[in-house]
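Asker: Assemble the whole structure, with the sequences as input and the hints as a guide.
There are 4 protein chains.
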Amino acid sequence: MKKQLKIGVIGAGRIGKLHAFNLATRVPGAKLTAVSDVDKKSAEKLAAELGIPAVYSDYKKLLADPEVEAVFICSSTDTHSKISAAAAKAGKHIFCEKPIDHNIAKIKSVLDAVKESGIKYQVGFNRRFDRNFRRVKEAVKAGEVGQVRIIKITSRDPAPPPVEYIKVSGGIYADMTIHDFDMMRYLSGSEVVEVSAAGTCLVDPAIGKAGDVDTCVITLRFANGCLGVIDNCRQSSYGYDQRVEVFGSKGQIIADNETANNTVVYTDKGVNREKPLHFFLERYNDAYIAEAKEFVEACLKNTDTPVGAFDGLQPVLIALAAQKSSDKGGTPVKVGK
Amino acid sequence: MKKQLKIGVIGAGRIGKLHAFNLATRVPGAKLTAVSDVDKKSAEKLAAELGIPAVYSDYKKLLADPEVEAVFICSSTDTHSKISAAAAKAGKHIFCEKPIDHNIAKIKSVLDAVKESGIKYQVGFNRRFDRNFRRVKEAVKAGEVGQVRIIKITSRDPAPPPVEYIKVSGGIYADMTIHDFDMMRYLSGSEVVEVSAAGTCLVDPAIGKAGDVDTCVITLRFANGCLGVIDNCRQSSYGYDQRVEVFGSKGQIIADNETANNTVVYTDKGVNREKPLHFFLERYNDAYIAEAKEFVEACLKNTDTPVGAFDGLQPVLIALAAQKSSDKGGTPVKVGK
Amino acid sequence: MKKQLKIGVIGAGRIGKLHAFNLATRVPGAKLTAVSDVDKKSAEKLAAELGIPAVYSDYKKLLADPEVEAVFICSSTDTHSKISAAAAKAGKHIFCEKPIDHNIAKIKSVLDAVKESGIKYQVGFNRRFDRNFRRVKEAVKAGEVGQVRIIKITSRDPAPPPVEYIKVSGGIYADMTIHDFDMMRYLSGSEVVEVSAAGTCLVDPAIGKAGDVDTCVITLRFANGCLGVIDNCRQSSYGYDQRVEVFGSKGQIIADNETANNTVVYTDKGVNREKPLHFFLERYNDAYIAEAKEFVEACLKNTDTPVGAFDGLQPVLIALAAQKSSDKGGTPVKVGK
Amino acid sequence: MKKQLKIGVIGAGRIGKLHAFNLATRVPGAKLTAVSDVDKKSAEKLAAELGIPAVYSDYKKLLADPEVEAVFICSSTDTHSKISAAAAKAGKHIFCEKPIDHNIAKIKSVLDAVKESGIKYQVGFNRRFDRNFRRVKEAVKAGEVGQVRIIKITSRDPAPPPVEYIKVSGGIYADMTIHDFDMMRYLSGSEVVEVSAAGTCLVDPAIGKAGDVDTCVITLRFANGCLGVIDNCRQSSYGYDQRVEVFGSKGQIIADNETANNTVVYTDKGVNREKPLHFFLERYNDAYIAEAKEFVEACLKNTDTPVGAFDGLQPVLIALAAQKSSDKGGTPVKVGK
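These protein sequence lines map, in sequence, to chains V, H, G and W.
Using this note's numbering, read the first sequence as starting at 1 and increasing by one per residue.
Using this note's numbering, read the second sequence as starting at 1001 and increasing by one per residue.
Using this note's numbering, read the third sequence as starting at 2001 and increasing by one per residue.
Using this note's numbering, read the fourth sequence as starting at 3001 and increasing by one per residue.
A couple of the hints might just be wrong.
Said to hold, decoys possible - Taking lysine-lysine pairs in the BS3-like style, the calculated list, with each CA pair at most 30 Å apart, reads:
no., chain 1, residue 1, chain 2, residue 2
1, H, Lys1041, H, Lys1060
2, W, Lys3141, V, Lys3
3, G, Lys2334, W, Lys3002
4, W, Lys3006, V, Lys3
5, G, Lys2041, G, Lys2089
6, G, Lys2031, H, Lys1041
7, W, Lys3031, V, Lys41
8, V, Lys17, V, Lys141
9, W, Lys3141, V, Lys269
10, H, Lys1060, V, Lys334
11, W, Lys3006, W, Lys3293
12, G, Lys2301, H, Lys1017
13, W, Lys3141, V, Lys6
14, W, Lys3031, V, Lys141
15, V, Lys324, H, Lys1041
16, H, Lys1301, G, Lys2045
17, G, Lys2089, H, Lys1045
18, V, Lys209, H, Lys1334
19, W, Lys3269, V, Lys293
Claimed, not checked - Across the chosen pairs, the derived CB separations fall in these ranges:
no., chain 1, residue 1, chain 2, residue 2, range
20, V, Lys6, W, Glu3049, 14 to 22 Å
21, G, Thr2025, H, Lys1301, 17 to 25 Å
22, W, Ser3249, G, Lys2045, 37 to 45 Å
23, G, Ser2076, H, Lys1002, 36 to 44 Å
24, H, Ala1206, V, Asn224, 46 to 54 Å
25, V, Gly225, H, Val1168, 44 to 52 Å
26, G, Lys2040, W, Gly3146, 41 to 49 Å
27, V, Asn302, H, Lys1167, 39 to 47 Å
28, V, Pro205, W, Gln3147, 22 to 30 Å
29, H, Gly1189, V, Thr303, 52 to 60 Å
30, H, Gln1004, G, Asp2039, 52 to 60 Å
31, G, Lys2045, W, Gln3147, 38 to 46 Å
32, H, Ala1206, V, Thr303, 25 to 33 Å
Rather than coming from a laboratory, the hints here were simulated on the basis of the structure.
Heads up, the beta-carbon is just placed ideally off N, CA and C, and yes, glycines get one too.
Answerer: This is the structure:
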């Protein structure tokens, strides 16, 4: 087995810094050898902090660097497919933040490029690596709940993003629910064949004016016959609400939120425990580390990555169907191919 | 204030016996003076056990008995509307088991008869009297969760009824979900305007052959703009699953199941607590007593009953819309009037 | 089997009324035939409410009433042993509120009288009938936690009684901890052989001036070798705290408090559930009914009562040892016989 | 502020490796420059893994190394005081695993040496850095539970150490309860003045033959008047049980165990959640990192360490009193000075 994977990070923003930090300090076998950002200063700052030798403003130069064996694509979403294709051609293994793209044709061209080059490809669906959801997956796989009948996901953000962001986000289903669509596929082990989405605007009228909804309930039908239901909201006063429930013929498994600690306070006002962790970086901190570890391991051991390029395509197809259904007032829409 | 209400029970089956027993021993002000059942032996047996003076096989004779001021209609569903109308004409206050009828015209004729006669009318939506759901209602009313956005109800039966019953049940939405439709109205304080139902058959193919589904997810839109989602299943291995969740702008309130006790056992196998109570008569035992108490009180104090005849109509209208949506593969359907 | 037990209630104060009400409405086979109280008006009022035919101011007349087969002794503690002995001689079955007496010799004379007369005797240790503690007992008995090693009881009152009461209460160990001593015997199935009590006064200095403590920790050694520990406080801001924990070679079982309902509220302030029920009459409502039912059943079926006269003696002996230990600053004291 | 602390690790056994790994990868500002172990191979292996430049078999040589500014003493307990004194003389900051020694005179000589040299000293009471107990401490400090009345600690190991270890361990109070004595001081903010310990042997008779107990309940009196109670057992079938409860005039705070995840499984067997984490290295993994971080920070910023040398002395004094009390059958014993 290869001992070390030389990695270049493309994009030194929030998520790029997060991955770079994890790769530098928490992921055995990972070695940061390069970083690039269109804003070269950001890249230089990160390189200085973590002792990364090569710094570029142009990702193409990073891809041409022979000291780079794998890349983490953490640039803006609209560049993911282009850089993915280029990296695949350059023979670099790829970890790409979600989504690969909003455009199906572009995603498919990435799939083709990956297939042709034979490199490893992993999409950043970090929630699959959360300790709670992993346990749910294992329970389902091991048959602990029997034949699955209904999967429920609650996913609510602590606060909505700026309306400016929402305008270019691709809509709630492509931007926010996409994680839940991936989780549905992960937990069910089956493909979503039809979606029905009921969306509304209850958090901020400005979101409605921007053509989007902020609160929604989405029903899914799976190829294996079971049903799924997701409820989303762009704002949750009590923090980041991330729960999952799988009900089957033998029972159910419920995954609760994570909290800052396990204490309970009893006073004359009631019995109080901690709120869910407020921010996704807190909640999924360990999951981000785990996904990077498994990517590096897959590259070093030459095994399959846990979330492949095809897994990057499916949730986008589901999101498109959900958006169409929502636009049509909830009429069920088949998921495309 | 009047001190005592003389009550006749119509129907001495399971639910009739339940109400009779509660009225005899647990409801202050209630006095059982008559009982009727088409199977006179059942009525006689119940009368003997509880010391009820008058026994009839024909409900009309019970309605003619001057020693009866109010009736509990616990006969088969297809007789509810007919007996309701007759009792209203006879000037008896009425507690009627749900549903009043599956036929909208018949229900409306009951509403007319009730209005005309000016008697008290209460429909047996017992779950409204459950201590947990009451607390949820109060929280919503008091604004503890802010403006409601999403209401979620999970309602699963421990075991499906016989297929013979299912054939005449009116379908899962009219037979089972009807309680949840009532709960949705109760908790939201708003009317359901549109329904979308996704049903499937995963518990028993015989249910499918009988033309019904056994597992379903129903999305609702309310007049006040919020969304609701119900998931039902005819079978739950771990008992009677009855949970409610109301999410709003300020937070959420979740009502959990009831259990036989509050103990937790730690062993090398895990940390184990009690399952939800298995049977609806256990779970809603106190709720049945509470609804009878409030009905008797409303009659004695001449105040409004907590669940009126109109509340008996609405869930049936919603159920009809849900059935239509389910038949159409989930297409949203407006609730009729 | 006898069908009905004719019962006289002696003492029409708070606990007498409670038992009378339960016997009248909730206990099958119980028939209230007489009531007595030194304050005859109280007895008359109760008789009127519940339709009890005979009313006395002198308990001796009640004992002489041939329409009385069993008595509930709910008078003041200092009269329990005297009335018990008299009732035993009169051949009446006896349910006696705890404690039988603070004086060992008097308790023993009751035991003798009971033995001689052959009547049924039950002491009012109501907590044994709580659904949670029953489940703990069953788990211990069934070996679910293996060989017991440590039993822990937390028992805290919502508010201290008036200092005037404390002065005549016999001290915290005889007045309050006595219930926990009984619970320890019940759960362990073994006798307490040695006690060590550390008491202090942290709630109200007036309690200290009255010669008592209000906060204490008591360690117990059992004949079977296991250990017990009780913590008590006369005041708990969050309500009546009644928890039990039994730890053994195979695991542990923990019984939590009872609450008004099972809801949880999530807001930006935290995740809040209900406080423990505040008052012992709420918490142990069902337990009071259950103990009366089992007493009546034992009388009617001629079986052993679940809490015999000997069970009334032991906790008093343990309380005496605890008081002595506390007075000596915590030095262990053997339990007398 | 100084940017980097050059650290030598003394002892390359289990806990030495743990600290070395944390210092190398998880503690900002820490730089491992040397490692020593009487078994030089162990030291060499660790040095190779973590890239530590200097390796010694004699700790004295490590203390003489000018590239070492601070040491982590992770050698066997009987060497802690000697090495502490030598390191203090050598002017190295010291992080010393608990306990400093079992001998009071030796501990005091360490205190003197530390005082004289003016170096930083921290004792490895890792549990103070657990996220749950920290929250309890903060709640107490902030007055959330009011004036403290009773502190309860449950501390049970998953499995007893080998009897050979027990023979030289100093007894359960010095070896195991010592952590709980420290936690008591930490949470109460007050000194323990008197102890009463009831010990027994229920896990393994061989432990009794070795002169020790394996199960015990210890009552403590604090200088500020409140009470404490600890229950310990050398074996817990369901894992490492580490809970804390602080009860005061305004309420209580309870810290529960840590688990592998937050899922709950419902089946016909019951409702099951994860057991407490089984092993102390899992449970306190983050606490070990936190204590090292705070030590390094204190050295770099020249501030007080969070757990000083005096904090190393007190629990040993309490343990001695507890052992004496246990030997005397539970008679209360004053804590020495």
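Asker: Take a quick look at whether Lys3269 of chain W and Lys293 of chain V sit within 30 Å of each other, Cα to Cα.
Answerer: It is violated: about 36 Å lies between the C-alpha atoms, which goes past 30 Å.
Asker: Does Lys2089 of chain G lie within 30 Å of Lys2041 of chain G when you go C-alpha to C-alpha?
Answerer: holds (28 Å)
Asker: Decide if the proposed pair is consistent with the structure: Lys2089 of chain G and Lys1045 of chain H, CA atoms, cutoff 30 Å inclusive.
Answerer: This hinted pair is violated, its Cα atoms lying about 41 Å apart.
Asker: Below or equal to 30 Å on CA atoms is what counts here, so check Lys3141 of chain W against Lys6 of chain V.
Answerer: violated (48 Å)
Asker: Is the distance from the Cβ of Gln1004 of chain H to the Cβ of Asp2039 of chain G consistent with 52 to 60 Å?
Answerer: violated (29 Å)
Asker: Could you say whether the range 44 to 52 Å given as a hint is met by the Cβ separation of Gly225 of chain V and Val1168 of chain H?
Answerer: violated (26 Å)
Asker: Taking 30 Å as the top limit, are the C-alpha atoms of Lys1301 of chain H and Lys2045 of chain G close enough?
Answerer: Status holds; Cα separation ~25 Å.
Asker: Do the alpha carbons of Lys3141 of chain W and Lys269 of chain V lie within 30 Å of each other, as the hint requires?
Answerer: holds (19 Å)
Asker: Measure nothing beyond the straight line between the CA atoms of Lys17 of chain V and Lys141 of chain V; if it is 30 Å or shorter, mark the hint as holding.
Answerer: violated (34 Å)
Asker: Could you grab the alpha-carbon distance between Lys209 of chain V and Lys1334 of chain H and see if it respects the 30 Å cut-off?
Answerer: holds (25 Å)
Asker: Please verify whether Lys3031 of chain W and Lys141 of chain V have alpha carbons no more than 30 Å apart.
Answerer: violated (44 Å)
Asker: Please verify whether Lys3141 of chain W and Lys3 of chain V have alpha carbons no more than 30 Å apart.
Answerer: It is violated: about 49 Å lies between the C-alpha atoms, which goes past 30 Å.
In terms of the numbered hints stated before, the structure departs from hints 2, 3, 8, 10, 13, 14, 15, 17, 19, 24, 25, 27, 28, 30, 32, listed from lowest to highest.
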